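Trainee: Work the whole structure out from these sequences, hints included.
Residue numbers (UniProt numbering): 1 to 478.
Honestly, I wouldn't trust all of these hints.
Computed spacing ranges between beta-carbons, pair by pair [as the list claims (entries may be wrong)]: (1) GLU300 with GLU385: 36 to 42 angstroms; (2) GLY392 with THR321: 31 to 37 angstroms; (3) ARG411 with ASP110: 53 to 59 angstroms; (4) GLU428 with GLY235: 26 to 32 angstroms.
When the alpha-carbon atoms are kept at most 20 angstroms apart in a straight line, the in silico EDC-like pairs for lysine to aspartate or glutamate are as follows [what the hints assert, rightly or not]: (5) LYS463 with GLU422; (6) LYS463 with GLU416; (7) LYS388 with GLU422; (8) LYS463 with GLU283; (9) LYS463 with GLU278; (10) LYS381 with GLU391; (11) LYS381 with GLU370; (12) LYS150 with ASP181; (13) LYS390 with ASP355; (14) LYS437 with GLU422; (15) LYS381 with ASP348; (16) LYS437 with GLU391; (17) LYS390 with GLU370; (18) LYS390 with ASP348; (19) LYS388 with GLU377; (20) LYS437 with ASP371; (21) LYS437 with GLU416; (22) LYS388 with GLU399; (23) LYS390 with GLU416; (24) LYS390 with ASP356; (25) LYS390 with GLU377; (26) LYS274 with GLU374; (27) LYS381 with GLU304; (28) LYS150 with ASP183; (29) LYS381 with ASP371; (30) LYS381 with ASP355; (31) LYS150 with GLU132; (32) LYS150 with GLU304; (33) LYS437 with GLU304; (34) LYS388 with GLU416; (35) LYS437 with GLU319.
Hint data in this document are derived by calculation from the structure and do not stem from the laboratory.
Just so it is clear, the structure is predicted and the values come from calculations on it, not from any experiment.
Ideal Cβ placement from N, Cα and C applies to all residues, glycine included.
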Amino acid sequence: MTPLVDHRRLPTLPCGSRAEPTNNTSSTHALISSQTSIHLLLGAGMRHSMSSISRRRLTRTPRSFFASPCYKTRRPLSISPYEHIDDVERLDFYRPGGYHPIEIGERLRDRYTVVYKLGFGSYSTIWLARDEELARYVAIKVGVADHGSKEVDILSQLSARAIENVHPGGGLIPIILDRFDLDGPNGTHPCSVTAPARCNMAEVLEAGSGPFQLRVARSLAAQLAMAVAYVHHMGYVHGGEYLYPVLLVITGSNAAPLSTGVPPRVYPPIWLGKPGHEVTLPEAKLVLADFGTAFCPARESRFESYTPLQTRPPEARFEPTTPLSYASDIWSLGCVIWGILGVRPFLDNWLFGPDDATADQVDALGPMPEDWWEAWEGRSKRFRENGKPKEGRELWTFEQRFHDAIQEPRRRRGLEAMGDAERDALFEMIRGMLVFKPGGRLSAEEVLRSDWMRTYAIPEAEKTCGDDLSSTNRRSVV
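Mentor: Encoded structure:
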């Protein structure tokens, strides 16, 4: 077992205390709220469906395709009185209104015995536990105090209605097995219980030395599209982000007594995943999680996008007074599908601000709407009046991105690459998803009806998921 850490004496974790990858992102063994929002199910070792985890993981240098330098923290950064420990949540967040201190071996609700930590985010810690009543392993997400239960409420509705719905995406949403409140020194904490997941998508991509096998990537892309289509079918916009927060490291030592509510020992998360290039088709089942930013557009208007610059829909910038819609999810979905298929994100890895993101979108997709172009104050620094890039700016076209991010990395590693027919079908679908104006984008159902999904991706997803994605169910959607 990985050694626990007494943060009063040790400045960092011992080397080798956690399995690779060392450059971890939010360890979503429970479910969405991060790049990771997508989780791979446990394999033969623990046959459980996915659970619900938090997206944000305090990491040193996020490098994966979900990483973004534009992280916007919702809590003001302050000088912590505690030592920084790699792969461990911020200890100064153990305070009234913050985390609940939990020890391995602790019994929760007189039913769940804590076995190990699975991960953490800005608003929760996630633990692997043994359900002594039903003799099974579960993931327990323990939220910060008084945070509310909106995410669990939405997940409960989605999973309950999935049972009576024939939509294939219904089986790709985590099921809430139990929910309860936990009273502690820092307040009352909402807790949700789900089946444990293997790891999040970001970790798998980060750990791999190459892209997913093409059949695996197709399956994952189809499942993700089905999950989003189901969420939209049920009247919700996912609105999730896939950001990795950046932790400011404070050097020095502090051996002062602990404040009330801070655990005497902290634990690095266990990682149950494997490198992306090693994932096989039967292992490629996912669930869509992290509904902390989900909303129902029929009942609530949302104007702010919580996605990073790399996947943020452009209307969030150029139409800030227009409520976000289902189409905002489609833009992000198109970017993420591209990332699943390749080794680089659709938009550049190095986006330092909104102007960089907009310029990269124009480079890839062509001219933006005239009213947006005229409203963009920063365009003159990057483009001439005729829309051509200024001298010194290298143009990275849609086709070049496909070659550099998807096709060439596969050929270089001796993996299957796309044929011309599949490439053309993929281009048609992605271009239909990444239309500047949200009203011109494909809907989630139209994505599932696209030639690439029907011919290449959904058949692979059916091989992965079996009866969960039966032909009868698929016909009800497409």
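Trainee: Please go over all the hints and tell whether each is borne out by the structure.
Mentor: Tested hints:
At about 41 angstroms, the CB distance of GLU300 to GLU385 agrees with the hint of 36 to 42 angstroms. For the pair GLY392 and THR321, the beta carbons lie near 35 angstroms from each other, so the given range of 31 to 37 angstroms is met. Remark: the range hint 53 to 59 angstroms for ARG411 to ASP110 is upheld by a beta-carbon distance near 57 angstroms. Distance hint for GLU428 and GLY235: a CB-CB separation of about 28 angstroms, consistent with the stated range 26 to 32 angstroms.
Restraint check for LYS463 and GLU422: the C-alpha separation of about 19 angstroms stays at or below 20 angstroms, so the hint holds. The suggested pairing of LYS463 with GLU416 holds, with an alpha-carbon distance near 18 angstroms, which does not exceed 20 angstroms. As the CA atoms of LYS388 and GLU422 are separated by approximately 30 angstroms, the hinted pair breaks the 20 angstroms bound. The straight-line distance between the Cα atoms of LYS463 and GLU283 is roughly 10 angstroms, inside the 20 angstroms bound, and the hint therefore holds.
About 17 angstroms separates the Cα atoms of LYS463 and GLU278, which keeps this hinted pair within 20 angstroms; it holds. The suggested pairing of LYS381 with GLU391 holds, with an alpha-carbon distance near 10 angstroms, which does not exceed 20 angstroms. Among the hinted pairs, LYS381 with GLU370 is consistent with the structure: their alpha-carbon atoms are about 17 angstroms apart, no more than 20 angstroms. At roughly 14 angstroms between alpha-carbon atoms, LYS150 and ASP181 fall within 20 angstroms of each other, so this suggested pair holds.
Distance hint between LYS390 and ASP355 is fulfilled; the C-alpha atoms sit about 14 angstroms from each other, no more than 20 angstroms. At roughly 26 angstroms between alpha-carbon atoms, LYS437 and GLU422 are farther apart than 20 angstroms, so this suggested pair is violated. A distance of roughly 18 angstroms separates the Cα atoms of LYS381 and ASP348; the hinted pair therefore holds under the 20 angstroms criterion. For the hint pairing LYS437 with GLU391, the CA-to-CA distance comes to about 28 angstroms; that exceeds 20 angstroms, so the pair is violated.
A threshold of 20 angstroms between alpha carbons decides the hint, and for LYS390 with GLU370 the separation of about 19 angstroms falls inside it, so the pair holds. Pair hint LYS390 plus ASP348 holds up; C-alpha atoms about 18 angstroms apart against a cutoff of 20 angstroms. Of the pairs offered as hints, the one joining LYS388 and GLU377 holds, with about 16 angstroms between alpha carbons and a cut-off of 20 angstroms not exceeded. Straight-line distance between C-alpha atoms of LYS437 and ASP371 comes to about 11 angstroms, which keeps the hinted pair within the 20 angstroms bound.
A hinted pair counts as satisfied when its Cα atoms are at most 20 angstroms apart, and LYS437 with GLU416 does not qualify at roughly 34 angstroms. Between the alpha carbons of LYS388 and GLU399 the distance comes to roughly 17 angstroms, so the proposed pair stays at or under 20 angstroms and holds. Taken as a hint, the LYS390 and GLU416 pair is broken in the structure, with Cα atoms around 37 angstroms apart against an allowance of 20 angstroms. For the given pair, LYS390 sits about 14 angstroms from ASP356 by alpha-carbon distance, which is consistent with the 20 angstroms threshold.
Taken as a hint, the LYS390 and GLU377 pair is honoured in the structure, with Cα atoms around 15 angstroms apart against an allowance of 20 angstroms. With a CA separation close to 47 angstroms, the supplied pair LYS274 and GLU374 exceeds the 20 angstroms bound. Proposed proximity of LYS381 and GLU304 is contradicted: the alpha carbons are some 26 angstroms apart, above 20 angstroms. Of the supplied pair hints, the one linking LYS150 and ASP183 holds, its CA atoms being roughly 19 angstroms apart against a limit of 20 angstroms.
Taking the CA atoms of LYS381 and ASP371, the gap is near 18 angstroms; set against the 20 angstroms cutoff, the hint holds. For a cut-off of 20 angstroms, the pair hint linking LYS381 to ASP355 stands: about 9 angstroms separates their Cα positions. Proximity of LYS150 to GLU132 is assessed by CA-CA distance (about 28 angstroms); at most 20 angstroms being required, the pair is judged violated. At most 20 angstroms may separate the alpha-carbon atoms for a hinted pair to count; LYS150 and GLU304 meet this at roughly 18 angstroms.
Distance hint between LYS437 and GLU304 is fulfilled; the C-alpha atoms sit about 17 angstroms from each other, no more than 20 angstroms. For the hint pairing LYS388 with GLU416, the CA-to-CA distance comes to about 36 angstroms; that exceeds 20 angstroms, so the pair is violated. Simply put, LYS437 and GLU319 have alpha-carbon atoms about 10 angstroms apart, close enough for the 20 angstroms limit, and the pair holds.
In summary, the numbered hints that this structure violates are 7, 14, 16, 21, 23, 26, 27, 31, 34.
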